[in-house]
Amino acid sequence: MSRRPSARRAPAGARGLSVGLIALLVALVATIQIRSQAEVERSLVGVDSTSLAFLIDDLHRANESLEAEKADLARRRATLQSGQTGAADQVLRDEAERLRAIEGLVPVQGPGVVMVIDASGLTALDLQDALNNLSAAGAEAIDVNGHRVVTGVPVAQTTNGVAVDGNVIVSPWTISVIGDSNRLAQVADLMTQQLRADRRVRGASYRVETDVVISSLISEKPFVYALPG
Amino acid sequence: MSTRGLGILAVALVALATGFVLADQVRTQLLTPSNQLARYQALVRSVQDLEATNADQRRQIADLRNQIDSLESDAAGRSATTQSLRNQVADLRAHAGLVAVHGPGVEIVLRNGSPGPGSGGQTGYLVNFQDVQDVVNLLFTQGAEAIAVNGRRITPLTAFSGSEGQIVIDQGPPLTSPLKIDAIGDRNRMAAALNDDSALPGLRARQVQFQLHLTFEGLADISLPAYDSSLQIPHVAAA
Chain F
0 MSRRPSARRA PAGARGLSVG LIALLVALVA TIQIRSQAEV ERSLVGVDST SLAFLIDDLH
60 RANESLEAEK ADLARRRATL QSGQTGAADQ VLRDEAERLR AIEGLVPVQG PGVVMVIDAS
120 GLTALDLQDA LNNLSAAGAE AIDVNGHRVV TGVPVAQTTN GVAVDGNVIV SPWTISVIGD
180 SNRLAQVADL MTQQLRADRR VRGASYRVET DVVISSLISE KPFVYALPG
Chain L
0 MSTRGLGILA VALVALATGF VLADQVRTQL LTPSNQLARY QALVRSVQDL EATNADQRRQ
60 IADLRNQIDS LESDAAGRSA TTQSLRNQVA DLRAHAGLVA VHGPGVEIVL RNGSPGPGSG
120 GQTGYLVNFQ DVQDVVNLLF TQGAEAIAVN GRRITPLTAF SGSEGQIVID QGPPLTSPLK
180 IDAIGDRNRM AAALNDDSAL PGLRARQVQF QLHLTFEGLA DISLPAYDSS LQIPHVAAA
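As you go down the protein sequences, you meet chains F and L in turn. FYI, the numbering for the first sequence is 0 to 228, going by numbering that gives the first Met the number 0. FYI, the numbering for the second sequence is 0 to 238, going by numbering that gives the first Met the number 0.
Honestly, the hints are just simulated from the structure, not real lab data. Using N, Cα and C, we set each Cβ at its ideal position, and we do this for glycine too. Some hints here could point you the wrong way.
[As the list claims (entries may be wrong)] Covered, in the sense of this in silico footprint (three residues per stretch, anywhere, with C-beta under 8 Å from a C-beta of chain L), are these stretches of chain F: (1) 67-74; (2) 78-88; (3) 110-124.
Generate the whole structure from the sequences, applying the supplied hints.
Encoded structure:
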């Protein structure tokens, strides 16, 4: 009788130790697991991997553009430093011509796309979004129904419809864009697909053209409030 | 083999099998998040490297433009024709955002609200690029002559993009809340438009729903820096 309790106590202790070890192991694994997941979640706050990948793509493209601008500016500096007769005048004339095209002050032409949107009830916000999408795809010059558009040209909602720089534009909207045809076509394709799903839109199409001519001009407005410096 | 020996063998086999199953489970569930984390960190490092390059290139561009301006100034001092051309270009550069300007205007601050339930609650509280685009368009509609967003000058070629609380303007790195939009122009006219409840409907709805912040004040003199990025138009030719 006296031996039986002692014989039972030894296995009970071993079992307790085993249970304890297993519990420790489970706790360890669970802790590592929870911490790993928490770390992932914490680092993913705000931006997901897909958005980061898009961001990397955008930054690559942006840095390529900056590199091209830098190279162009370095060329201009070298021309000016050459001290050749008329070098500065030529640099300034070229710069003036380029800036006039950017600001919509001269007629321009080049490859691009022409979109046609036939709809009723589209608003100024719809047109602003469309123009911004095309600008983000590298549009270098834009015209809507014979009215030149650059960022800064007012696109407003009026009682008579959407107005570009004070001129009401009626449907169908024809948006002519000069820029990289491939990039513009990709965006135009997505835009037309979305527009066709919109009940207000009767038709939306685009065509790629090797030579889009934009003759409309923006009238120069001198600054009244902004001073250099 | 005795019955006890068989029992121990069975327990050992079961323990071994359990061990393999556990190890596999641990490998699957622990390594996947750690791989995700490593991949994510690699992406973040890429973004940081590219942003550093971006900032460096923009500094170099600003520096090159200053050098060119100085060389042009020297040349203009030697020729009346060059001086006349330089005056024309100066005006064009100012309108393109390539010159620092100052004057009266308004300063608008957009700030993220609080996440909320309901549709769009996960991202609706974040200031997004459309919000900035809408405010900038409203200001231009009210006659703004020059605008900068967090010190980034808006040009005739400016485009807005981004996702989930990130705002990308032209070739700059993404901006996040708070966003400060400075506009030079008729401040009374711009302030009246910003006070109009019918303007910026999307933003105003999210002000109520997610406490998104939109505040503004008129200022007597605001300074805007020059644009420091690319204004290339390689596909455009004179017609």
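Here is what the structure says about each hint:
1. 67-74: holds (count 6)
2. 78-88: Check passed, 5 qualifying residues.
3. 110-124: As far as the region 110-124 of chain F goes, the hint holds, because 3 residues have Cβ atoms under 8 Å from chain L.
Comparing the model with each earlier hint shows no violations; every hint is respected.
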